[in-house]
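*Asks:* Sequence:
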Amino acid sequence: MFPVTGLISLRVMDYLLDRYVFDHLPFVVTPETRKSIGQRALTVVQWADWFCKYESPTKILQNNPYFFLADALFAFLCFLTFMHAYRHGGRLLYVWIAITIHAFNLECLALAIPDMNLSWHAQGVFSFFGMRVPLYALFGIHQMFGYTSYVLVSRMRLPWWADGPAVGLSSAMLLLPYRILGTKLLWITWHDTDPTISGRMYWAPWSLFYFYSACMCSFVWIIHLSRRLLLEKEYDWMQFPREFLCSILAGVLAFWLGSFQFSLFYFPLHEFFGIHSETTTVLFFATYAAIVFAADRNNFGEARRGSRFWFDELACAICLEFIFLMLLVIVCDPSTIVSEGIHQPIGPCKQMEDVHTPAGTILQREKYLCATRYDEKYFDFHCVPNGVPKQQDDGSGRLLPLEYYALCGTDFENRAEYITVIWGCCILFGFFFYQMAACSGSTPVDPIKVRRRVVRPYRPQSRERNSETVSTYAEYDDSPYEYEPLVSPEDKKDQ
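To get the working numbering, take the position in the sequence shown, counting from 1, and add 18.
Honestly, the hints are just simulated from the structure, not real lab data. By construction, the Cβ of each residue, glycine as well, lies at the ideal position given by its N, Cα and C atoms. Accuracy of the hints is not assured; some may be wrong.
As the list claims (entries may be wrong) - Just the calculated beta-carbon pair ranges, DEER-fashion:
| hint | residue 1 | residue 2 | range |
| --- | --- | --- | --- |
| 1 | F262 | D372 | 35 to 43 Å |
| 2 | P75 | D372 | 50 to 58 Å |
| 3 | E431 | R260 | 52 to 60 Å |
| 4 | T390 | W274 | 35 to 43 Å |
Unchecked claim - Simulated pairs of lysine to aspartate or glutamate, EDC-like, Cα-Cα distance not exceeding 20 Å:
| hint | residue 1 | residue 2 |
| --- | --- | --- |
| 5 | K408 | D210 |
| 6 | K251 | D464 |
| 7 | K408 | D372 |
| 8 | K395 | D372 |
| 9 | K395 | E435 |
| 10 | K385 | D351 |
| 11 | K395 | D429 |
| 12 | K408 | E431 |
| 13 | K71 | D133 |
| 14 | K408 | D398 |
| 15 | K77 | E358 |
| 16 | K395 | D351 |
| 17 | K368 | D210 |
| 18 | K77 | D67 |
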């Protein structure tokens, strides 16, 4: 039995096939075959609709214009990072590919593992995987934060054990102002009662910055280790299967090694001893900073030469991101935002579920968002005509959880505080990135393996087996040999 919406969709598909396909065929299709083809065609359409959903740009501009601008901007910044990787070529291009694999892996695991279902993106013009992942989450923020940090840190010429923490810190610096302002403007919403993200900074979870930094650090360590084990020091384009394998390993395993770092330090302090997420995150970042500082203290030579042509695609991308956020926090009006799409399901209040953490502990959270009692002050339902969205009846009296509904933004409690935080982060972090880009060395270039072609002398084969082949070397004296003329005297007379 199909549900009501399924029956309607099936009837529409049958009508379209009858009207535009079956009626124009030179032979008759039986009703059973038509029904089977219609069901299969409907399945294909449903899968395609789940994979990629299109939304009218006009509607998004009316409801949440700031997210529309952010979606377009970060897609363009992703293009800038790709142009940098393509221009340099070599292993940097494989790093960009590995970052993209990591982006897909991170977003898909967040949907596939129920315990990690902690956040909901706003719906963009193109949204993927059941309207849960907008375009800029796959081709945008991760390339901008991860690839940019990787390249700029490589200019510092740090040892391998400090490369990872440096990239983790740099990616967190690019993520922090975006995530704070994005949460306020409903670019992303969070699970209301999950204990892992209970500690918030301007409603953005502290643990998120910890986890993302740990994943990027793990990404760098894995790609360095895999290249050391599988590749030579010189870049050889003929070994592209191994290069691609290293990219896959880094993109897939970074999440799991990052989860190990997260559970090794965060959960013992936060869950067992009740230490606030803010404290654990600051201690974690301080540990990373100490490692980078110790490595950079003994770093001279190429790491201090500076670069005249430092303002490249990546420097431009950082400037565009920070300028966009600095202007947006001044001019935006969060109270006019309407975020319509997939959010935390609204359902029965106080219905609990277990959450399994990477450390092996079992926590509890409310399964659904209680629309009449929640602790998320960055949204409400004041813009919804009938107030709080109502759950739908399945026909038997049982209320179904409501996933697709509209959220309304709330005004700044203190806009000056947000301006201070966003501007302070952008200016301070921009100074750090300027030091990395302009005052460090140039982007490292991997040595390329040169394959020399051996030129063999040309030895023509004689038509007769008993004839002697004469060497064509210049130093060989072939004067004693006589050659048969190409044209015989009889032929000359005839001519």
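*Asks:* For this structure, which hints from the list above don't hold up?
*Replies:* Hint check: 2, 7, 8, 10, 12 and 13 fail, others pass.
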